[in-house]
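Residue numbers (numbering that gives the first Met the number 0), protein chains in the order written: chain A, 0 to 524; chain B, 0 to 305.
Please keep in mind that the hints were generated in silico from the structure rather than gathered at the bench. Be careful, since some hints might not be right.
As the list claims (entries may be wrong) - If the Cβ cut is set under 7 Å, some of the chain A residues that face chain B in the computed set are:
no.	residue
1	132
2	133
3	193
4	292
5	316
6	468
7	472
8	475
9	476
10	479
11	502
What the hints assert, rightly or not - Covered stretches of chain B, as calculated for chain A (at least 3 residues, CB under 8 Å):
no.	stretch
12	44 to 56
13	66 to 73
14	240 to 249
15	268 to 274
Only a predicted model underlies this, so the values are computations on that prediction, with no experimental measurement involved. C-beta: ideal position from N, C-alpha, C; glycine also.
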Amino acid sequence: MQTKKRSAILLLTIIMMLSIVLTACGGNNNTAGTNNQAANNGAANGAANAGASDTSEEATIKMLLVGGKPADYDQVFGELNKLVKEKINATVEAEFLDWADWSQKYPLKFAANEDFDIVYTANWAFYNDQSLKGGFLELTEDLLSKYAPQTWANMPKVAWDQAKVGGKLFMVPNNNVEITDKVVLIREDLRKKYNLEPVTSPETYAAYVKAIAANEKGINAFQAKAADGWKWHELDQIMLEQQNEWNLVDYNFPLAYKMDDATGKVFNVYDTPEFKQLLAYYKDLADNNGWSRNVVSNKNDVWQDIKAGKAASYAQNIGTVAANIMEATRENVGIELAIADLTPDKKKISAISTQNGLAIHATSKNVERSLMLIDLLQNDKQIHDLSMYGIAGTHYEAVGEDKYNAGPSAANYSPSGFSAWGWNSALNRQDAAYPKVADDMFNTWTSKVYHFPLETFVFDDSKVKNEVANIGNVMLRYAIPLEYGLIKDLDKGQADLIAQLKSAGIDKVQTELQAQIDAFLAAQK
Amino acid sequence: MNRNGLLGEIRKNRALLLMLAPAVLFFLVFAYVPMAGIVLAFKQYNHTGGVFGSPWNGLDNFRFFFESGNAWLVTRNTALYNIAFIIVNNVLQITVAILLFEVAGKWFRKIAQSVMFLPYFISWVVVGAIAYNLFNYDVGTINSILTTFGMEPIDIYNTPSYWPVILVIVSAWKTLGYGTVMYLAAITSIDTEMYEAAEIDGANIFQRIFKVTIPNLYPTIIILVLLAIGNIFRGDFGMFYNMVGNNGLLFSNTDVIDTFVFRSLTTSNEIGLSAAVGFYQSILGFATIMLANYAVRRYDKDRALF
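Only chain A is shown next, with the shape it has when bound in the complex:
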């Protein structure tokens, strides 16, 4: 009896202690939250109201970048800091989120409200998401023209407009022309060996894939990158979008519009005759062992597989593929590679400015100095060269004004290793060893770039986020196996896919998207 009572009392004490601690914590957090918000607004206002830029007090600017930390970071940023200190009395510290897990860490940095000032962002790196959630500081015309005057002057107006989310600007985009079209990297030596036609269309590509699948044992004619949640067949951007001149609004759901359709009418790409035809094309390749049956479970790096002679083609953007070719030549791997554009005559889409850029953290205490730094990174020749290519003579050798050669320790500070692309600008240099074919291809593309009213449209999914999450799931579960030819009955597979999308709420997303597009187009007139 007595022991029972005693333990009851003990239990009660513990519960009471717990509840006190709990309420205390809750209260604290709450006030912290409000204070933050206040401080936030204060900072923005303060910055906007300040008169001439005051750099008398030394500042440390923390920069958050994606990609691996370069081995010679200390050396290069040491040099960089000497210049930055002299110009704006500040020093830069960069933190790198490695490619392996950056997409998990990136949002956490904001959720935990860590202390950083400048952050890399892009349309593929949470730009819309964090803008809508309030992770970035709004950049006003005032701020920009005062603290980043060179950038403000040099950047085309359309680039600023493209970076607006809901009419507000949260990013200093990079100032560079890029084309997002995908190409295929193929084994030129194997093509010649089997006496195949040059690969310039889906048909010639199919012939290439089948010839290799039939004759080369142990080589996957096509290989997809290790599954990371990408919801499409890796050739879809070429075969579905570029071939048909469609533009998918967001790769998280299968809604697209025709590029030349001025009314911007959206449709479900899975529910089109073009898609049905493409399924037959894919199925034919799959049945001829064009890719491994376990392609969706692949855990290997595609490029490494190609280098090792285990895979014979993959789809990527032209810059990456050109870098692959340079690497193969440099390392002398004994295979001959070529770039194949399967849709050479179609309209090309130029990347919108938000492909790369830098934003200011909403709670940054160094807004002015951060903007000044971005201004220098983009427009100061000396600082731009140093931050992009490392130390002259060590990491790169300048060739004329706009080209460079890799230096002796180029691998320790490489422009392709991390997101230095955030401050791409007209000052960029090109690798002198850049394959001429890639350059020529790019130049012919620029003449075919097609501009259309919806290219800057950004979808705000906050009203349909449940549906978008579920649609993504359906795509992974039904569309990917269907596209890789793992389902025997194509018609039934396609019908299943469409039915599942309907129950996941595609109609609601389509209605919402169409409404936003209509409003966007109406506002442009």
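Assemble the complex: chain A is given as a structure, and chain B must be docked to it using the hints.
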């Protein structure tokens, strides 16, 4: 009866309370304080508001999961897999523990124990890579062996029905050593006089096992199983994600709540939606453990957890 009141109680048991303090502190910091984050399940999260300042949105966050049409499938998969794991793993662990105990050789016992414990330290990422090299259709070890013997290769990654068996085997392989150690410890603490008495009464080895060892293991078994039941609605994410990955063909048989939520929400980063599903799992887990504990109480009061 209690002349000194609460303070007296505390003073009297201060040594015991002090010993309890680290454990209480641990749970306070890592289990109770974070519980406040549950409010996120009912909020539209944004950075300016943070966890407590963001606006409320009622039960909106729960819509995603229940309207997906997958809620029942993944909940069922999670529960069934965990039930299978609990039964298979515990039976195997008890059997192996008894076998090891009955095998006399000290060296053999030590070595066997270490060898069985090793898989416990291998990360799921590595296990996933090993599995890929075993099961791969083109160059996997299993298919290479099959084709050398002139048999048809099997397409494991495209056949959902193999996966429940594979996952149960892998889980058993990975946890065997760990569980065996716990049961072995329980067996060694059984009073040896009981075995001597049984031997004098002429009990053979099977009678010794079934009449002495196993009944003495009941308390340990019940506690371990009860603790496992509390987590029955939490899928082992590391295991399912690394073994199955994003292979859509297998989802009907392998998708558990955790992988489903991860897949749906990694691209959108809606903390509220994931918090809502976590809350749902906790409620179900709480209900099952209360029920299980109640059942044990009915059966034998002393052996219930609380």
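Three residues minimum, CB to CB under 8 Å: does the stretch 66 to 73 of chain B make the cut for coverage by chain A? Let me know. holds (count 4)
Status of the residue 468 of chain A interface restraint (C-beta, 7 Å, chain B): Holds, because the Cβ-Cβ distance from residue 468 of chain A to chain B comes to roughly 4 Å (cut-off 7 Å).
Within the stretch 268 to 274 of chain B, is the number of residues with a Cβ closer than 8 Å to a Cβ of chain A three or more? holds (count 4)
Is the hint on residue 476 of chain A kept, meaning its closest Cβ partner in chain B is under 7 Å away? holds (4 Å)
Within 8 Å of chain A (C-beta), three or more residues of the stretch 240 to 249 of chain B: holds (count 5)
Verify the coverage statement for the stretch 44 to 56 of chain B against chain A, using a C-beta to C-beta distance below 8 Å and requiring 3 or more qualifying residues. holds (count 9)
Given hint residue 479 of chain A near chain B, where the shortest CB pair must fall under 7 Å: holds (5 Å)
Does residue 292 of chain A meet its interface restraint, that is, does its C-beta lie within less than 7 Å of any C-beta in chain B? holds (4 Å)
Using the nearest Cβ pair, does residue 472 of chain A come within less than 7 Å of chain B? holds (5 Å)
Minimum Cβ distance from residue 502 of chain A to chain B below 7 Å? holds (5 Å)
Proposed interface contact between residue 316 of chain A and chain B, which counts if any beta carbon pair is under 7 Å: violated (20 Å)
Report holds or violated for the interface hint on residue 133 of chain A, using the least CB-CB distance to chain B and a cut-off of 7 Å. It holds, given that the least Cβ distance between residue 133 of chain A and chain B is near 4 Å, below 7 Å.
Against the hints set out earlier in the document, violations occur for numbers 3, 5.
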